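K.L.:
Using the sequences and the hints, build the whole thing.
What follows is each chain in one-letter form.
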Amino acid sequence: MTTATTSSGAAGDTARDDDPAAGSGAPGGREPGAGDPFDQDDLPVPPGATGALLRSLLSPHRARVLRVALILLFQQAAVQAGPLLVAYAIDRGVPAFRERDYGPLIAVAAGYAVCAFGAGLLQYLFISVSGRLSQDVLLELRGRIFRHSQALSVDFHDRYTSGRLISRSTTDVESLRELLEEGLQELIDVILAFVYISVLLLWLDLSMGGVAVASFVPLYLLVRVYRRRVGAVYAERSTAIAGVVVKFSETLNGIRPVRAFRRERANDTEFQRLNARHERSNGDVMLELARYVVGSRLVANVSVAAMVLWGAWRVADGTLALGVLAAAVLYLRRLYDPIDRLGMFLNSYESAAASLAKIAGLLAQTPSVPEPAHPVELPPAPGGQPGREVVFDGVRFTYRTGGEVLPRFGLTIPAGQTIAVVGSTGAGKSTLAKLLARFYDPTEGRVLLDGVDIRELSTAGLRRGVVMVTQESFLFSGTVAENIAIGAPDATREQIEDAARAIGAHEFISGLPDGYDTDVRKRGGRISAGQRQLVAFARALLADPSVLILDEATSSLDVPGERAVQRAMDTVLRGRTAVVIAHRLSTVEVADRVLVMEHGRIVEDGAPAELIGGTGRFAELHRAWRESLV
Amino acid sequence: MPTTPVPAKAPSSARSLLRLWPYVRPVRARLLLAAVIAITASCLSLVIPLVLKWMVDGPVADRDPGGVWLGALVLLLLGIAEAVLFGIRRWLVSRPLARLEAAMRGDLYAHLQRLPVAFHDRWASGQLLSRGTTDLMLVRMFLQFPLTFLVVNGTTILVGFIILFAQDWLLALVLLIPVVPLTVLISYFESRYALAARRAQDQIGDLTTLVEESVLGIRVVKGFGRHRSQARAFKELSQELRGTELVKARLLAGIWSAITVIPEIAIGAALVLGTVQVADGDISAGTLVAFLSIALALRWPVESIGFLLAMSQEAATATDRYFEVLDEERERDTPVGGGSPERAEPTNPAEPTNPAEPADPADRGGLRFEGVSFRYPDSAEGVPPVLDRIDLRIRPGETLALVGSTGSGKTTLTALVPRLHEVTAGRITLDGEDIATMPRERLRALVSVAFEEPTLFSASVGENVLMGAADGTAAPAAELDRALAVAQAGFVRSLPDGVDTGVGEQGLSLSGGQRQRLALARAVVGRPRFLVLDDPLSALDVHTEALVEAALREVLRETTALVVAHRPSTVLLADRVALLSGGRIAAVGTHQELMRTNAEYAWLMSGSTGTGEGNHPR
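Those protein sequences? They're chains R and U, same order as listed.
Using this note's numbering, the first residue of the first sequence is number 218, and each one after it goes up by one.
Using this note's numbering, the first residue of the second sequence is number 244, and each one after it goes up by one.
I should point out that these hints are in silico values taken from the structure, not numbers from a laboratory.
Since the model is a prediction, treat every value here as computed from it, not as a measurement.
Backbone N, C-alpha and C fix where the C-beta goes; we use that ideal spot for every residue, glycine too.
Treat the hints loosely; a few may be bogus.
Interface residues of chain R toward chain U, partial, derived using beta-carbon atoms under 8 angstroms [as the list claims (entries may be wrong)]:
hint, residue
1, 338
2, 352
3, 354
4, 462
5, 543
P.N.:
Below, the structure is given as structure tokens:
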């Protein structure tokens, strides 16, 4: 019996036991190298989600979109009026002037001034209004990504690496910003100019306009070919740069082992490979653009030559006015000028579309631990006692992929009891804790706090009730005091220091350069793992919950630190319900009750003395531990 | 460390950009050729209006339909030449510039890997990453466009105006006048825009930090129900960013309306004036048409000067940021001329601080700390050193446990052995050889380390572990098995691909205990002469810990080891224990001895004072 436990303890923990979603704990739950979209940074995007996202972002600003469109319509009209005035000046103004009739010329001057100032003013309006519009859209989008990523449950975060989430809300939003601020205006400008100029050319002279319109066919084909080809090289380049970035940051964040294990040269070689791949695709993108620019310029210049030939022939023939030819030539210049920029727009469009699809994929993830629509308040604590009763009522928990972590079980922890949960890695201890903290929801059954299903509690209510301290004690940028106050934002400095004192952290904090006001980021590297855990504890102490969960929260503490935690639980947290998960059994001595878990089942349950005196697993574990103390 | 605002002075930007020369040198011929080609192409487009003029005044005016064929043919050839030349320009520079960008990035990466660890402690990795990506992209774009086009457009403007003046000086003057106010206005706007842009950049940085922390600390955020207040903080920051972006938009709107209005007015004036002149017969209709087309062709070069300069400015800042890192000095091997000047005199012969060790000058083997002091290079003057005159000796084959309260400098001490940090005073010797005079490569091959934070890289499990082995290890597979067995990392076998399973940022995520065991395997894999273990068993459960200890005992028997320990079970791996307190070695002895004689040690190990009742440390 005990030998079986031993071997399973050492070798049976293929998955993170605190990570039901990793899936590999279930045999065959993950096919190596295939299938899991999380590995590929490729969350499934429901069909049409990208478009729907864009629409939902723009629809509140419908009126403004319309205004922007109108402004642009008039602005382009003002801009494109110039050559018409040239034609009028040459064909009408010149002869009239010779007749001493200054009317047409004054009209041209006035018209030109109006158009110039009108175009300038409209341009100003357009950029301000569209700037406001795109900023509002980006604000909304950033907020949505942020709120959504915060709302998504812990099992999502376990799988979706932080780097990806960060790049969703930075680089991906950034590429959309580029599109909105630079690309979109360019595109609308180009399209409007095409439409206006084609109409004007057709109006000036049907056949010359016809040539211009005909030239759109090869241009359109060019754009299509370019889009298809550049799409492929773009995808390759963004994969390549991602590889470079990962290698870069991994090396920087692991610089100590890199140095200690003399990885520099091997890393250089590996980086060279990744860098060369990016170099190649980067060059490909530039060459693809070069190809497009040459092609479109050729089409444009050939069409200009053709139209000039045709127009000049007709003027020489006497069937076309000279001014019209001049206007047409000026228009042609404007017509084909923006096609280079169209290529750049297409680039930013490609990357923005890819980014938007990734964002849509993220937003399409539903939080598996949703907030209740109609939150219920916890009843006032019975008898003025700080602790609350916890009940696991027929709870069962399985991986999404189907592997069972916790078979159906029931458990009641009376208010004020401290229970210790022990067992080997992978036994399901952390899962139990996370169900109680509502990091996960049970597949079946309910978790009750003083008779209330915790799924019905508001977030604030739940956190007044249950607080969990984990092994990883993350410090946010800001001062030490602010970090402790995360547990209770309104706490006074005195309360913060009291909490630190109670846990034995006051001494080291006072020794920091600025005491409690030391910025943890600046000296972050100098705060040791043990000290971080003490800060995390002070945080929990200050939060003063009814139920406290400690999940391996003492692993980096030394013995005095551990003792301080136990003392604090005995004094400051007296009367609270506590669930303590620890590898080390020292903590167990303060517990009222011990649960031994194995393969997701509670195999022993009783008072510590009772279990130690017995012949079960806990007695065995405890003996081994005593021996290790010497 | 944060990007210091670079004053917008042209000379300093030019000087910054000049530093790019070593990288530009190999591609200088191509860049130059590309510039010449671009100038040619650009001037060709100025010739086109002249052909138009010839057609209007010649065949068209003469009603000679046949004559227009020649003009059109010339136009066609010019057009094709222009398109092809622009294509050749891009083709010439595309690959070389991609190579240049890659070369700069490769140099930065290689350099960063070799900068002292103290440097990395000071710099956030995001800051360095942005230098390796965005900044280098800006530099590449600068070489691709602004550098060439400042020359090209300058030349085009010059040639254009020469042609214009040759046609008609009065009209040319009318067009020339607005160039001055336009460039003044644009550069004024650009400088204000650059300020707003930098502010926006900083605000984006703050926003990114918030996002990063909210994601990395998600368990804390959720555990304390703080996502509302995080969202509030996010909202505030993003509102601020929006404010700055709107300022930018208004400035941009100002620039663009000026760019639209001023040239249009000038062209309008030229048109009216030109019409009068045509009517008076001073110039031909063809001249007016050519004139207006040239004016139109010159608009873009003039408008572009402003933002080309802005791009150059950005590239200069990026270059500064790049070289700021590249100028940092690498770790140097074997200091020339007698080592560091502030090295302390050898400790006094009596060695009173180390009672456990008899004075035995003949035996110089093992790992030895002699009068070692350390303070962080950036710590304030008055702060006492982290480590103060440490004397410690670990005999060959011996294992010494290092014990001390949280934050006493144990981890710092271990970092000195592989020279991740340099001692401030004193020296450390391996088998009598001062590590300061050893090549780091050899030192680090001799010393193997398992860190408190078990970092795995994006590679297979096997590769991660074998990183610890010397390059020419015989039978790596057998050695890997042995190391995994020592660390009780049998779980590796049941991973999807066994030892070939990818881990790290791009692979399977492992639990803290699993990572710690792999890090331990990595430390012992090469059968290193010296082993430094920083609290190597903290994340293991009791069972695994006992198994690892048993296996580790075998390994420790044949190496000289320094083990940082928090608990009695780990201490028992060692032959002797040293107590680190107040930056000094307070006591050395066996576990039992110290438990009996040292109150602080007893307190650290059992949480209660052993001998001296109520004798609390510090």
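K.L.:
Hint by hint, say whether it matches the structure.
P.N.:
Quick rundown of the hints versus the structure:
1. The criterion of a C-beta within 8 angstroms of any C-beta in chain U is met by residue 338 of chain R, whose closest approach is roughly 7 angstroms, and the hint holds.
2. Among the interface hints, the one on residue 352 of chain R holds; its C-beta lies about 5 angstroms from the nearest C-beta in chain U, closer than the 8 angstroms criterion.
3. Residue-level restraint check for residue 354 of chain R is violated (minimum Cβ-Cβ distance to chain U is 11 angstroms; threshold 8 angstroms).
4. The interface hint given for residue 462 of chain R holds, since its Cβ lies 6 angstroms from the closest Cβ of chain U, which is under the 8 angstroms cut-off.
5. Hint status for residue 543 of chain R: holds, given a least beta-carbon distance of 4 angstroms to chain U, under 8 angstroms.
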